[in-house]
Each structure stands twice: as structure tokens, then as C-alpha cells.
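Chains as they are written, first to last, in this note's numbering: chain V, 35 to 388; chain S, 35 to 388.
Worth flagging that the hints you see were computed from the coordinates, not collected in a lab. Note that the structure is predicted; figures quoted are calculated from it, not measured. Among these hints, one or two may not hold up.
The list treats identical chains as one, so a pair stands whether inside a single copy or across any two.
To be verified - Here are the computed lysine-lysine pairs in the DSSO-like style, where the Cα-Cα straight-line distance is at most 30 Å: (1) Lys373 / Lys140; (2) Lys380 / Lys140; (3) Lys382 / Lys333; (4) Lys374 / Lys333; (5) Lys380 / Lys333; (6) Lys333 / Lys373; (7) Lys109 / Lys382; (8) Lys333 / Lys140; (9) Lys214 / Lys109; (10) Lys333 / Lys214; (11) Lys221 / Lys374; (12) Lys162 / Lys333; (13) Lys380 / Lys259; (14) Lys162 / Lys374; (15) Lys380 / Lys221; (16) Lys162 / Lys380; (17) Lys57 / Lys214; (18) Lys259 / Lys382; (19) Lys140 / Lys374; (20) Lys162 / Lys373; (21) Lys382 / Lys162; (22) Lys57 / Lys221.
Next come the chains, spelled out residue by residue.
Number of protein chains: 2
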Amino acid sequence: MIHIRPAILCGGAGERLWPLSRKDRPKPFHRLLSDRTLFEDTLLRCAGQGEGISFSAPLIIAGEAIETPVRAGLKSVGITAADMAFEPMGRNTAPAAAIAALLAQKQDGPEALVLLVPSDHHIAPVSKFRETIAAAAPLATEGKIVVFGIPPTRPETGYGYIRQGAPLGEGYTVAAFEEKPDEVTAKAYLESGDRLWNAGLFLFRADILLAELARFEPEILSAVKESLGTDGRIDAAAFSLSPSLPLDIAVMERTAHAAVVPTRFVWSDVGNWPSLADALEADIDGNIFTGDIEAIDCKNSYLRGEGVTLTALGVDDLIVVATGDAVFVAPRSRAHDVKKILAELKAKGPPSLL
Amino acid sequence: MIHIRPAILCGGAGERLWPLSRKDRPKPFHRLLSDRTLFEDTLLRCAGQGEGISFSAPLIIAGEAIETPVRAGLKSVGITAADMAFEPMGRNTAPAAAIAALLAQKQDGPEALVLLVPSDHHIAPVSKFRETIAAAAPLATEGKIVVFGIPPTRPETGYGYIRQGAPLGEGYTVAAFEEKPDEVTAKAYLESGDRLWNAGLFLFRADILLAELARFEPEILSAVKESLGTDGRIDAAAFSLSPSLPLDIAVMERTAHAAVVPTRFVWSDVGNWPSLADALEADIDGNIFTGDIEAIDCKNSYLRGEGVTLTALGVDDLIVVATGDAVFVAPRSRAHDVKKILAELKAKGPPSLL
């Protein structure tokens, strides 16, 4: 049985899920796909044991602004033993990975095995998730920094890609990290068969990760070490000195220890309203209704009301998301552009809406 | 100078303007067309003097449930001297006309001239309104019960019609009151040139109206007399014994004293969202925005937010009305059917939404 310390990152703002997702209750803390929030699903997925691995109590790394929903989520799934660190400002994933590695070492010793996971993705089923982690564990134990790669199912231009190199254990060496492609390139990537989506999911030994950070980004490591209090609080002045970099750039693109393991589970980043609607099961008229909905003669529409009664008559192909203080309406083909609305509101709306 | 006592009826529920119009704040108490509510506009239209007539302080006849918005409306236009009667239950317009006649007699004597006006219509300009009333005043003074008739502008099937008879002063005798017609009949009415819409606007001498009520519907008159307290309160047990009838049926269709005077003003009953949208001035893209609206790439749409920020992206030909607890979305061609939604909510929704 391999013991793994999950480190759950609660960073995703989820702006394309406005008006539901807000600064003080971002995407991970909403019941988007089921009766549980993405954060709660992530906690449960990274708990217990099976498929040869055993998850220890989670580390939670989150912004200060969302301490309340973080604690509520832990409570709602019955997790009482979690080590939490609340960042006073966002510094991207490299400093968060450093925090995770340092906290894990305190609990499990220098070679603590850390699984770094975003909390705003949909992943299923749990057994396939564990299987994937178990397949990568020997590589990580040997000293590889494993990034998981999602086998592409469409020519997606919104994600970074990983090009597989030579076979290595249950995975591959990393031939290259590739930026978000244009459409032609994305199609070529899909056909190549050797590309995987980079979904920001990592498995590594704490000592290896920290050594590579010390080598490539010593300022990140020193700022994080300096800022970390004993109680999970992070000193703002010290932490603010850390460069703001994703782990991919700070370490993965430079290290000789990178490996990639393809995932075996169903994955979605639930990135925007149309993709969420696509992921949910529609009724015979093509509708998906969430909340208090009263609809007559509607088709192919996603209607979601939170704290309000949302009613519609004779609409087709529409997405409507209504909360007590904001409503968003768009055709299904346009709803991914909600950030344009948010940009206007940032310029002139009340901050409570953001 | 002819003195006229306006009696303002606050009865219209305005269900086709849901979710804005509610039981405790119905259609007359919303700012639909301007910065003033329809009730406030009605008060101001029936105040002051000009065109040979002088309006006395108004009588207000309203349901008990809306006493608060009635008092707020009076205050907001600066009317302090109003005689109010709050009905404990709706009994349609014949009992309300009796209340108006009895209250007017107390103030102005037996032959008090009463103008019975709904408070949920749009009428403009005020000068033409006064002109119309002034034209009808000699007929009413002579003992006619005058109903005003709106010259039709379309083959409307939603209103009752009045067929003009022989010329009589500035108006006509009434040849017949005609029910809401089907489409073919409505077209024939429009072409006939002798039909007018019945909009529920009356001018009469109090003694004449009460005499006709005593003759045709003595139970209404006795119930109203019995129920009327000195302080404007109406005894529920006594009032409940009144038959529930519109003035048209109780008196107008039976009396020998009916006369009709065509109106000279612009009139709209602002009956539903599409007709309200049609009455408002659109911007260059055909849009009408009321409230906190953030819209990008929208066309021909009426977006109205009250107490919420309403946002839309790329919608066309849509009506969206959003409040803090309910939202209604429909294509412009369907929005008149909002009562279908309301019927569902009456069956299962929280009463606060009605």
C-alpha cells in the first residue's frame, strides 16, 4: 500500500461560470454537476484507500478570501483532520506546490509523496482515478515529477499540451510542454496520438520537488519557507516576495525528472456554461433545469436558478443563470463569452457582483 | 368652471406583468413607462384645473392589501387630502362605483359629479384628458351616465366594445355594449367606424348612479351602504353580501341614461410585457433597458431588472424581467402568455411570488 498525501489547490476563480462563481465563493464551491460541490467531490476522491494506494488526510491550499467555504466543504463531507494553508494573495501554482511539499514533509518525512490536485475539475469514476495515481506512484517514488496527461477527445485550443517521449514505467518521458495551440495545430495534435492535455495534476516526492525549486526558482522557495507559520497562516509580506509562476514553467519545463502518465478517467474542467450544460443529462426536450424552474414550451435550454424562481416561456437554445442579485442570459453558442460581461461589471458594477 | 370629484379605482392585478406585478404591489404601483407609477400619473392627471374643469381632492378605492403602496403613492405626489376606502375583498366595479358616489355626496352634495377612473392605464397628454372630461360634463350634469370610448386603432380582441347610437351633445347614445369579439368580428368593428373600446372610465352624477343601482341591483347598494364606516373602513361581513358585478353589467347595459363620449387622448392599458415594450422608446439596436442592465450584442430586446443586475449576451427579440426573487424569460412573441407561468406557480409556488 502506497501512502499519498493529497494537496488540494482551491485557486480557480471560474469567471466563465459567473454569476454563480464569485470571488468569495468561486467555482469549486458550487454544486455544478451533482449534489456535491466540485471541492467536496475532490476531497472524497482523494480520501480512503483502494487500487493499492492509501490517501492520508488532505492538505488544503486556498486563498484567504475563501476560508469560510473551504471549512464548510470539509465539514460537509466529514473531514476533520486537514492541514490548511491560506494564501494572503495568489502567486500561482509553483509557490502552492512548495507549500504542499513543506507541509507534507512535516507529516510524512522528507520523501513524502504529494498529489497536487486542482479542486475545480470533474473526474470520474473514483476507481479509475485511484488506478491512474497507483500507476504513477512507482515513477514518483523513484524520483520523477509526474504530470498527468488527459488523452484528448477533441481539437481543443483552450488547454496546454504535453508531447509524450519514450515509454517510462506506466508513462512516458516528457518530450515537450506545448502552449495552447491554434485550431490547425490542435487538429494536428489530436491526430498525432502522442499529445495529452495538461490539466495541472501532479504526483511527486516532496524532497525532489523542493530540490528542483531550489535549483530553478530559489526565490520562490525562500519566500515560501520564510512566510510559512506553524499554524497554517502565511505571512503576507514574506509571501508577496515570491515570484508568481505556474509549476509547469517554474519546474516542469526545466527539470530532467519530468514524466507524464496518461489518465484513465473521465475528465472535464467544467470551464463554462455551455460545457457544463453539455456534461449534464438533458430531458426529452433537450432541457436541463437546476433549482426552482418553471418552464413552458422550452427546448434545448439550460436554466439554473439559485435562491430565485426562474421562469421561461417558449425559449430555445438558451442559457439562463439567475441568482438573487444577478442574472445572465445568452444563447448556448455565446454563453462561453460571459467574461465580456464580467469585464464590463469590473469597470463599473458593484464589487459584490464579482 | 365645473367641479369634478375623481374616484380612483386601484383594482387591476396586472397579472400579465408578472414577476413585477404582485398581489401586494400590483400593476398601478410600478414605474412602467416613466419615473412615476401609473397610480401616481393617474393622481396627477386627476388633479388641478384647466380646460374648464376643476378636480377636487380624489377618492381612492382600493383593496386592503395595497393600503401601503396607495399611501406611498399619494405622499410621493404630495396629495394630503384624499378620502380613502379600502375594500376587504374584491367585488368588481359596481360596488366600487357605489362607494364613490356615496363618498362624493358627503363632500359635494347629492348631485356630486364623479369621474370613475382605473389607475392602471397610460393616458396622455393631460390637456386632452381634461378636454375629454370637459366635453362629457354637460351630459353628466343633465343626468347621463357617461362611459368614455377609446377610438380603436387595431382589431383588438381583448376589449369590450361600445356601439355608438345617435349623436348626443359631444357624444352619442349607446346603441349596445358588445363583448370581446373574435378576430373576424374585431376587424368588422374596426371598419364600421361606430365602435369604441370600453376602458372602464365613467362620468356621472352621484344621485343618478345611486338611483339606477337601487333600481337594477338594490342588493349592491344596500350592502355597500351597510358596510361603509365613517372612517373609510368597510365592514367585511356587510360588504361580502354585495353581488360581485362590473358597473357595465349592473347598470350601463340596462339604464336608459347611458351615453358614450369618444376620447381625444392617447390611451394604452399597458396590458402585458410586449405591449409595454412597444410603448417604450427603443435604442438604435431596438433595445429597451430598464434598471441595472449590462448587455453586449443584443437586439430588439426588452431587459428589465429591479433590485438585480441583469446581463445578456447576444440575445435577440427577447423579453427578460428580473426581480430579486423571480425571473421571467420569453421571446417577444410569447411574453404575453406569462399568465400560463403564473397559473403553474399558483398551483405549487411560494405565495410570496404571486
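Okay, the hints, checked on the actual structure:
no.	hint	result
1	Lys373 / Lys140	neither (41 Å within a copy, 64 Å between copies)
2	Lys380 / Lys140	neither (41 Å within a copy, 60 Å between copies)
3	Lys382 / Lys333	between (34 Å within a copy, 22 Å between copies)
4	Lys374 / Lys333	both (26 Å within a copy, 17 Å between copies)
5	Lys380 / Lys333	between (33 Å within a copy, 23 Å between copies)
6	Lys333 / Lys373	both (25 Å within a copy, 20 Å between copies)
7	Lys109 / Lys382	neither (36 Å within a copy, 33 Å between copies)
8	Lys333 / Lys140	neither (55 Å within a copy, 60 Å between copies)
9	Lys214 / Lys109	neither (37 Å within a copy, 62 Å between copies)
10	Lys333 / Lys214	neither (34 Å within a copy, 33 Å between copies)
11	Lys221 / Lys374	within (27 Å within a copy, 48 Å between copies)
12	Lys162 / Lys333	neither (35 Å within a copy, 47 Å between copies)
13	Lys380 / Lys259	neither (34 Å within a copy, 61 Å between copies)
14	Lys162 / Lys374	neither (37 Å within a copy, 47 Å between copies)
15	Lys380 / Lys221	neither (35 Å within a copy, 53 Å between copies)
16	Lys162 / Lys380	neither (40 Å within a copy, 47 Å between copies)
17	Lys57 / Lys214	within (26 Å within a copy, 55 Å between copies)
18	Lys259 / Lys382	neither (39 Å within a copy, 58 Å between copies)
19	Lys140 / Lys374	neither (44 Å within a copy, 63 Å between copies)
20	Lys162 / Lys373	neither (33 Å within a copy, 50 Å between copies)
21	Lys382 / Lys162	neither (46 Å within a copy, 43 Å between copies)
22	Lys57 / Lys221	neither (35 Å within a copy, 58 Å between copies)
Of the numbered hints given earlier, the model fails hints 1, 2, 7, 8, 9, 10, 12, 13, 14, 15, 16, 18, 19, 20, 21 and 22; all others are met.
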